[in-house]
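> Now for the letters of each chain:
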Amino acid sequence: MIDIPEELKYTDEHEWAKIEDDLVVIGITDYAQDALGEIVYIELPSEGDEITKGDSFGGVESTKSVSDLYAPVSGEVVEVNESLLDSPETINEDPYGDGWLIKVKIHDSDEFDDLMDNEQYSEFIEKETHK
Amino acid sequence: MQQTELYRLHEHFGAKFIEFAGWEMPVEYSGSRKETIAVRTSAGLFDVSHMGEIEIIGRDSASFCQWMTTNDISKLKNFQAQYTMLCNHEGGVIDDVIIYKYSDDYFLMCVNAVNTAKDFEWIGSVEREFKVEVLNKSFEYSQLALQGPQSQNIIFDAFGVNFCNLKRFYFLQTSWNDIDLMIARTGYTGEDGFEIFIPWGDATEVWEAILDTSSEYNIVPSGLSARDILRIEMAYPLYGHEINEDINPIESGLSRYVRIDKGDFIGRRALVRVLEAGPEKKLIGFEMIDRGIPRQGYPVLSGEAELGSVTSGTLSPSLEKSIGMALLSTNAVVGENLDIEIRGTRRKSRIVSTPFYTNKPIKKEKKL
Chain Y
5 MIDIPEELKY TDEHEWAKIE DDLVVIGITD YAQDALGEIV YIELPSEGDE
55 ITKGDSFGGV ESTKSVSDLY APVSGEVVEV NESLLDSPET INEDPYGDGW
105 LIKVKIHDSD EFDDLMDNEQ YSEFIEKETH K
Chain A
2 MQQTELYRLH EHFGAKFIEF AGWEMPVEYS GSRKETIAVR TSAGLFDVSH
52 MGEIEIIGRD SASFCQWMTT NDISKLKNFQ AQYTMLCNHE GGVIDDVIIY
102 KYSDDYFLMC VNAVNTAKDF EWIGSVEREF KVEVLNKSFE YSQLALQGPQ
152 SQNIIFDAFG VNFCNLKRFY FLQTSWNDID LMIARTGYTG EDGFEIFIPW
202 GDATEVWEAI LDTSSEYNIV PSGLSARDIL RIEMAYPLYG HEINEDINPI
252 ESGLSRYVRI DKGDFIGRRA LVRVLEAGPE KKLIGFEMID RGIPRQGYPV
302 LSGEAELGSV TSGTLSPSLE KSIGMALLST NAVVGENLDI EIRGTRRKSR
352 IVSTPFYTNK PIKKEKKL
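In the order they appear, the protein sequences are chains Y and A.
Heads up, the first sequence is in my numbering, so the first residue is 5 and it goes up one at a time.
Heads up, the second sequence is in my numbering, so the first residue is 2 and it goes up one at a time.
The hints are simulated quantities; they were obtained by calculation from the structure and are not laboratory data.
Any given hint could turn out to be false.
[Unchecked claim] Sample of chain Y residues at the chain A side, in silico, Cβ under 7 Å:
# : residue
1 : Gly41
2 : Tyr45
3 : Leu48
4 : Pro49
5 : Asp59
6 : Glu65
7 : Thr67
8 : Lys68
By construction, the Cβ of each residue, glycine as well, lies at the ideal position given by its N, Cα and C atoms.
Using the sequences plus the hints, can you model the full thing?
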């Protein structure tokens, strides 16, 4: 069963985002980690990097595939989950918790508000899987 | 998409699937890292029923195989197997195969799933010049690969047959529970192990008998991802990566399987020319110094020059580093540094000797 927490926002590239202490925390969804399979490698931006909504900000590799990570919002990266570099499988184990990727200071809160809510995302993956 | 007869069983074991050569195959069960380590230290069981099987029957079978392939088939005894290649007239590799010799007039060729139809057509086009019959038996066989240092004990426990006298690259026929099995001491992992040819429809029983020994041995179902990692760690070529119809065996470092002196065979003239002039490309193995996993197609650079591209790469669980192979247009040597372009940035790597992994005690290398 795919977990889609109510309190998060989602993108059609299967990232999640949430607001925490004025910052936006970004990760990949349970659906994404399940579809990828065992994650063996992750590449993340550095603190201070600027990311742009819709653009690639890193990559994730599993035994099945190599995928880009796409920014749900634009902003400055202020914190990176460095522990994932040594143990990327944490993303499989806890995609919404310890498997978070980066924290971003955003410039435009509309970008965040425009993201899908849990119900919209749930419908979206329903459609994806029945394509 | 085609499924093997074990598809439901794989689902039951929690497999994730991937499309490979028109087949829906298990890519991993418990995770490729765990499966790879199990094969290196104990045992793994793979469903490789997608592999193609082509039978060659008739009076001229031996001379036919000798004409079709690059290695020397005349050296084979009955119930012995050989790694060899089918080449085109230009010396390019049509496929790499294992030939199993039952007798002078009966051979079985195990071919890559992606090439089964192509090989069958190619072999058939030469067939009429010889007194042989070529049959595509791919849908009459399931195939399992049991690989790892515990394989011999597991197979003894599962089938009650003692294999300690079966040498590597030999095979035997046996019957178990009224199922005719052909069991070969061959594999694609660098470990001891067996490839088991089973009549299509009977593989479930064989699979279960082998996994039933798991109370005694650490044996895990293993998928195509672990299989790919294991073969890369050994620097074994895979069709579509290190070899294809535009790459000849000399360039891929497979000269030892090309017996120029055995007499004429398809591709010989072209390969003699390559040997005389020296190959234009060279396959090398490298390990990453910087972070990143090399993947097929990534450019290989030195200074301003693009030297070639990566053919295969992976994060090796056995070595805990990223490794890869690349086909280069220059004669690069072990110890030389190269850049691999990964996700748009250049990463440092170093050419190393292959195989990357050796299960013998590691000798300390003396650096100059």
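> Looking at the structure, which of the earlier hints fail to hold?
3, 4 and 5
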